[in-house]
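A.B. asks: Model the full assembly from the supplied sequences, consistent with the hints where possible.
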Amino acid sequence: MSATTTETERLTLARLPSGTEVTTRLHTISGPTEGPTAYVHAAVHGREINGVEVIRRVHHKLADREFAGEVRLVPVANPLTFDLQRYTLPTALDHTHLWTANMERTWPGDRDGSLHERMAARLWEHVHDADAVVDLHTGSPATHPHSVYTDDDPASRELARVFGTDLVMPSAVAPRTPDWPTDRDVSGTLRAIASHEGIPSMIAELGEAYRVEENTVAMGVTGVLNVLKQVGVLDGEPVENGEALLVTSPMHSNRSDSFDAAASGLFVTDPDVWPGKRVSAGQSLGTVYHPTTFEPVHEVETSQDGILYHLRRRGTVTGGERLAAVAVEKE
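All residue numbers for the sequence shown refer to my numbering, where the first residue is 19 and numbers rise by one.
What the hints contain is simulated information worked out from the structure, not anything from laboratory work. Only a predicted model underlies this, so the values are computations on that prediction, with no experimental measurement involved. Every residue gets a Cβ at the ideal spot worked out from N, C-alpha and C, and that includes glycine. Be careful, since some hints might not be right.
To be verified - Okay, the calculated beta carbon distance ranges per label pair:
# : residue 1 : residue 2 : range
1 : 75        : 190       : 30 to 36 Å
2 : 299       : 23        : 29 to 35 Å
3 : 299       : 52        : 49 to 55 Å
4 : 215       : 75        : 26 to 32 Å
5 : 109       : 129       : 18 to 24 Å
6 : 170       : 337       : 49 to 55 Å
7 : 50        : 300       : 56 to 62 Å
8 : 339       : 190       : 49 to 55 Å
Claimed, not checked - Calculated cross-link-like contacts (lysine-lysine; reagent style DSBU-like; alpha-carbon spacing at most 35 Å):
#  : residue 1 : residue 2
9  : 247       : 348
10 : 247       : 79
11 : 247       : 295
12 : 79        : 295
13 : 348       : 295
C.D. replies: Here is the structure:
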């Protein structure tokens, strides 16, 4: 019989104006021998649910398995956005700063700060002494699975590499300034803060929001187990889990293609392209049409070779909205 033990703790993350507690569950699985500590959570953004199912399956796999050290699992890091099926909170609940409506920009949190900052601070109590961090996310409705790590952090790069997915992306982090961060800044992400504190960490963007995808969940389970092997919690070597091609992306660097709608209209994608496909410079990705005059208002074409990893599927677009993104192989 396994000597592994499992404890479940109800965490109060914050309180709403009515006094209602915002709570979640922390599952701590401890092996019979001392070893590293790994922290894994999901659903910081409530519509991103593949990671929740990944953690459920990882929990069940570890509960009957002997290993060294401790694994801390939080399946729903943000119960508020999970219940609302939203990416961010309504501004009525958290509008202290531009960025605080997005919990992923508030790490390591602030016990006396905004709602999201208090929630992050409570979870950080279980992160700060970990030896590895995996932050499970989900891309837009049409994003190829990929892993992200902090650039110039070799230990974090290895976590992202062994986790798997076809694409592995480094992300530069700008130094904090008096007006840090902005909504699109990545300096306040859990990955960036953990890396800054010397904790190897990574983000996995797994499949499509709003639904549970079996293939992507299976990839996520294998990825988490690979990370646990990499840091010494589990015995054995990581198994192959995707191509793990090192690339740059528009979300994390300037060496890539990204496409925003030049005008509002109806975006019709080219039937010959999809996330994960290699594309060539000058290749058509789709066209934005004026819906009532039928005239094309934006022909979307790539400017360099790469791998299409994001493609908008919702056809109604407003000028300035992201339509597609192409990752470029890192030299």
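A.B. asks: Evaluate each hint against the coordinates.
C.D. replies: Hint check:
Evaluation of the 30 to 36 Å hint for residue 75 and residue 190 yields a pass: the beta carbon distance comes to about 33 Å. At roughly 56 Å, the beta carbons of residue 299 and residue 23 sit outside the given window of 29 to 35 Å. Against the hinted window of 49 to 55 Å, the Cβ-Cβ separation of residue 299 and residue 52 comes to about 53 Å, which satisfies the hint. Range check, residue 215 to residue 75: Cβ separation about 29 Å, and the 26 to 32 Å hint holds.
Between residue 109 and residue 129 the beta carbons are some 22 Å apart, a value that agrees with the proposed interval 18 to 24 Å. For the pair residue 170 and residue 337, the supplied restraint of 49 to 55 Å is violated, since their beta-carbon distance comes to about 36 Å. Roughly 59 Å separates the CB atoms of residue 50 and residue 300, a value that falls within the hinted 56 to 62 Å. The supplied range of 49 to 55 Å is broken by residue 339 and residue 190, whose beta-carbon atoms lie about 24 Å from each other.
With a C-alpha separation of about 26 Å, the suggested pairing of residue 247 with residue 348 holds against the 35 Å cut-off. Simply put, residue 247 and residue 79 have alpha-carbon atoms about 14 Å apart, close enough for the 35 Å limit, and the pair holds. Taking the CA atoms of residue 247 and residue 295, the gap is about 30 Å. The hint holds against a cut of 35 Å. Annotation: proposed proximity of residue 79 to residue 295 holds, straight-line Cα distance about 33 Å (limit 35 Å).
Proposed proximity of residue 348 and residue 295 is supported: the alpha carbons are some 17 Å apart, at most 35 Å.
Figure legend: structure checked against the earlier numbered hints; hints not met, in rising order: 2, 6 and 8.
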